[in-house]
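K.L.:
Next come the chains, spelled out residue by residue.
There are 2 protein chains.
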Amino acid sequence: MPKLAVAMTPERAADVCSAQTKELLEDRFTVTWAAPGQDLAGMAAGADVVLTSWGTPPLAASIWADGDGPKVVAHAAGSVKRLVDPAVFEHGVAVFSAGGRIAWSVGEYCLAAMLTLARRLPQLDDGVRSGAWKQPHLRGHELAGATVGLLGASSTARALITLLAPFGCDVVVYDPYLDADRAAALGVRTGSLEEALGCAFVSLHVPDVPATRGLVSRKHVELIPDGSVIVNSARGPAVDQAALLEHLLAGRLLAALDVYDPEPPSLPADVLASPNLLLTPHIAGDTAEGHLALAGYVMADVLRYLESGQRGPSFVDPASWSIAA
Amino acid sequence: MPKLAVAMTPERAADVCSAQTKELLEDRFTVTWAAPGQDLAGMAAGADVVLTSWGTPPLAASIWADGDGPKVVAHAAGSVKRLVDPAVFEHGVAVFSAGGRIAWSVGEYCLAAMLTLARRLPQLDDGVRSGAWKQPHLRGHELAGATVGLLGASSTARALITLLAPFGCDVVVYDPYLDADRAAALGVRTGSLEEALGCAFVSLHVPDVPATRGLVSRKHVELIPDGSVIVNSARGPAVDQAALLEHLLAGRLLAALDVYDPEPPSLPADVLASPNLLLTPHIAGDTAEGHLALAGYVMADVLRYLESGQRGPSFVDPASWSIAA
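Chains as they are written, first to last, in the numbering used here: chain A, 41 to 365; chain B, 41 to 365.
Hints may be right or wrong, so weigh each one.
No copy labels: a pair is met if it fits in one copy or bridges any two.
[Stated by the list, open to error] Simulated crosslink set (DSSO-like; lysine-lysine; CA at most 30 Å straight-line):
1) K174 to K121
2) K111 to K259
3) K62 to K111
4) K121 to K43
5) K43 to K111
6) K174 to K62
7) K43 to K174
Just so you know, the hints here were simulated from the structure itself, not pulled from any lab data.
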C-alpha cells in the first residue's frame with residue numbers, strides 16, 4: 041500500500057478529516073499520523089503522498105532534490121502557494137487543493153451577506169432591541185431579478201452562481217480569463233469591470249495576485265450605484281479600502297467585509313459604528329461541516345489519480361499557477 | 041370597458057402599483073383612482089372590479105345585497121379575511137389575493153435569517169466592532185445538506201423550498217393537507233410535527249387559524265435539537281413564545297423572530313440583549329420590489345379571469361377559506 045503522511049497537528053486532523061475519511065485512508069494507505077509536537081515538514085520525506093493543511097510549514101524543495109520526495113501533495117486547505125515551490129512540478133509532483141470545497145462555504149457566506157444587507161436585518165434588529173417597531177426608512181429589497189456583478193469567475197464565484205440560480209438574477213461576471221461560452225454554460229454573462237460594478241449587488245472573487253491588487257480603485261468605487269451592496273470575501277488589497285469606507289460612511293453604499301488590508305484591520309471608530317457595514321473576521325470559508333469535508337474532498341481525487349492518472353477538480357494545474365489564489 | 045375602482049390611498053397605490061401596471065389598467069379598464077381622503081369602501085359600489093390593499097376598510101356585505109356589487113375583488117396585499125365576508129362567494133364574487141407574490145419576499149427573508157444565524161454573522165460583527173478578531177467559539181455551519189423542517193406547506197414554504205434547491209437539504213414538511221405525491225413534486229418529504237421539529241433548521245409557515253395557535257407547545261420546543269435555528273415569519277401565536285425564549289436565553293437554540301404575540305412585543309431586557317436572536321418588526325413580506333409587483337400580480341389573473349374564466353394562482357378558493365391565512 042502507498043505510504044501516506046498526514047502532516048498536520050492532531051487538532052487540525054480532527055478539524056479537516058471526518059471519521060469516514062479516516063477509515064478510508066487507513067483502508068487504502070499505510071498512514072502515519074503526526075504525533076503532538078512532531079516536525080510536520082519532515083514527515084514528507086519517504087512518503088508517497090503527503091496530506092497537509094493549515095499549519096503545515098512550507099515543504100522545502102530539498103525534499104525532492106534526490107528524486108525521492110512524495111509523488112503527491114494533497115492540501116486539505118486552500119491556497120498551496122505558501123506550501124510548495126512551483127519547482128516541484130518539474131519533479132512530476134501532482135498537487136491537489138481543497139479550495140474548491142472551501143468555496144462552497146464562501147458562496148453561502150456571500151449569499152447570507154447579500155440577503156442580510158439587502159433586507160437591512162442588522163439595522164432592523166438594532167431597532168427592535170432599542171424599542172422601535174416599524175422603520176419605514178429601512179425598507180428591504182429583494183434579490184430576485186436584481187443585477188449582480190461578480191469580479192472574478194473563481195470557484196467561490198461559481199458556488200455563489202449556483203446558489204443564485206433560483207433568484208433569476210442578471211449575473212454579469214468580469215474576468216479576463218472567462219470566455220462567453222463558459223459564461224453561458226454557467227448561466228451568466230461576461231462584462232467589463234465597469235459593468236460589473238454598475239450592479240445592485242457586487243461581490244469580489246479574485247485571487248490575491250499582483251494584477252488584482254487595487255483592482256477596484258477610488259474611481260471604480262464611485263461607479264457603484266447608490267444603495268448597492270458590496271461583498272468582499274476575497275482579498276482586502278483588491279479594493280481601495282479607504283475609498284470604499286468613505287462611501288459607506290456617507291451612507292451611499294452597504295458592504296459586508298470579511299477581508300481587510302491589513303488583517304486584523306485597524307478601523308476608525310466611525311467605521312466601527314456604521315450601520316451600513318457587516319464586519320466578520322475572515323471566516324467566509326470557515327464552517328464546521330466545510331472543514332470536516334476537506335481531507336475527504338482532496339483525497340478522493342488523489343485516489344482516482346493514483347489508480348488511473350485522472351485529474352479531478354482539486355488538481356492544481358501548473359499552467360494556472362500565476363493566476364491562481 | 042369594465043369599471044375598475046382602485047380603493048386604496050394614493051400613497052398605497054404608489055407602493056403596490058408599478059408604472060407599467062398603471063398603464064395596463066388604464067388600457068383595459070375605466071379606472072377610478074381614489075382621491076386623497078376619499079371613502080375607500082364606498083368606491084366598490086357600481087364597479088365591476090375593486091382593487092384593494094392594506095388600509096382598505098372591510099367591504100360590507102351590503103354592497104352585494106341588491107345584486108349589484110363588483111364581480112371581482114382583487115386584493116393587492118395578503119390575507120382577505122378581514123376584507124371580505126365569505127358570504128360574498130354566494131353572490132358569485134371572485135376574490136383574488138397577492139399573498140402568493142408576498143410569499144417570495146418572505147422566502148428570501150427566511151433564507152437570509154437561516155444563513156445569517158447559522159454563520160453567527162451578527163455575533164461575529166459585534167466582535168469585530170468591539171476589537172475582537174477570530175472567535176473560534178462562534179463557528180459557523182453550512183446550510184448545504186442540512187435537515188430543514190417546515191411547519192406548513194403554504195406559499196411562503198414553497199418560496200423557501202425553491203430557494204433551498206441548490207443547497208441539497210433534506211426538507212421535511214409537516215402539513216396535514218400535504219400528501220406525499222405533492223410533496224415529492226416539490227422535492228421534499230412529508231413528516232410528523234415531531235420529525236419537522238427534529239431538524240437543524242425549523243421554519244414556520246402556518247396561517248393564523250384556531251388549529252395553529254399553540255401548535256409548537258413547550259413540550260415541542262424541548263424536542264428541537266441543540267444548536268438548531270428556528271425562524272418564525274408566520275404568526276406569533278403558533279409558538280409558545282415564553283418557552284422558546286427560555287431555550288434561547290439558555291443558549292440552546294438560535295432564532296429569527298419577525299412575528300410576536302402580541303405585536304409589537306414587550307420583550308424583557310435579557311431577551312433584547314440575547315446574541316442568539318435576530319429580531320425584526322414583521323417585515324418578512326415587505327420589500328420595495330415585492331410590494332410594487334402586487335397590483336400587477338393580482339390583476340394579471342383578474343384579466344385572464346374576465347376573458348376566459350381561468351383561475352390563476354392568486355384566485356382565493358372558497359373551499360379553502362377556513363384553512364387559509
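K.L.:
Could you run down the list of hints and mark each one as holding or not?
P.N.:
Evaluation of the provided hints:
1. K174 to K121: between (50 Å within a copy, 23 Å between copies)
2. K111 to K259: The answer is neither: 47 Å in one copy and 57 Å across copies each exceed 30 Å.
3. K62 to K111: within (21 Å within a copy, 69 Å between copies)
4. K121 to K43: Within one copy, since 24 Å is at most 30 Å while 70 Å is not.
5. K43 to K111: Answer is within; shortest intra-copy Cα gap is 10 Å, inter-copy 80 Å.
6. K174 to K62: Classified as between; 28 Å across copies, 52 Å inside a copy.
7. K43 to K174: neither (63 Å within a copy, 35 Å between copies)
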